[in-house]
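Colleague: In case you want the letters, here they are:
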Amino acid sequence: DGGITQSPKYLFRKEGQNVTLSCEQNLNHDAMYWYRQDPGQGLRLIYYSQIVNDFQKGDIAEGYSVSREKKESFPLTVTSAQKNPTAFYLCASSMGRGLAEAFFGQGTRLTVV
Amino acid sequence: GNSVTQMEGPVTLSEEAFLTINCTYTATGYPSLFWYVQYPGEGLQLLLKATKADDKGSNKGFEATYRKETTSFHLEKGSVQVSDSAVYFCALNPNAGGTSYGKLTFGQGTILTVHP
Chain Y
1 DGGITQSPKY LFRKEGQNVT LSCEQNLNHD AMYWYRQDPG QGLRLIYYSQ IVNDFQKGDI
61 AEGYSVSREK KESFPLTVTS AQKNPTAFYL CASSMGRGLA EAFFGQGTRL TVV
Chain D
1 GNSVTQMEGP VTLSEEAFLT INCTYTATGY PSLFWYVQYP GEGLQLLLKA TKADDKGSNK
61 GFEATYRKET TSFHLEKGSV QVSDSAVYFC ALNPNAGGTS YGKLTFGQGT ILTVHP
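Protein sequence lines, in the order shown, are assigned to chains Y and D. Take 1 as the starting number for the first sequence in our numbering and just add one per residue. Take 1 as the starting number for the second sequence in our numbering and just add one per residue.
Hints in this document: simulated from the structure, not taken from any laboratory.
No more than 25 Å apart at the CA atoms, straight line, and that leaves these computed lysine to any residue pairs for SDA-like:
hint: 1; chain 1: D; residue 1: Lys103; chain 2: Y; residue 2: Glu101
hint: 2; chain 1: Y; residue 1: Lys9; chain 2: D; residue 2: Gln45
hint: 3; chain 1: Y; residue 1: Lys71; chain 2: D; residue 2: Leu46
hint: 4; chain 1: D; residue 1: Lys77; chain 2: Y; residue 2: Gln41
The whole structure should be built from the sequences, with the hints applied where relevant.
Modeller: As structure tokens, this is what we get:
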């Protein structure tokens, strides 16, 4: 079945460590996105990519980094510079032009211990 | 810029009650509009969408009509069930069908709890 797979579902990180969240899609979508969700709040855009080897900062990019070496993959690294990384992270993809909805993965819950 | 404003929650209803969750938007051009639903601990699922003015999106008994004159996309359901308890997000894509890829802009979400 086509879809978006995020892994792991739960992730624990010690303070000062970098950690990478995986996002893979087999929908042949051009655009991919990372959102952060905090309790009781909406989604805030971290980074997005419209094409392989290109990505742009979203609204809250500080302390995060991404890469887009393959169309199917858009990993997110939460660096030690992110002061409050505990959150629910959602990856999404969309076809882009003319097909506007985004499809979401199941999310990764990151907790700093 | 683009923005989406949803009615503040949480919303608590009894089973079989009528549901309305208000959503208004600000955007240039002709955006596409969406409602997404999020069940506890999961990602977002597309509930329904509308791509032009006066379109009505519908799915699983939920409906929303794209009203350009009032810049609104209110979600309605005639008779809610306990299983509808979730968080509902209104969203827009400002560049649907255009020459640029659009980024989704989300409202803050509305928590719905339905009691038996």
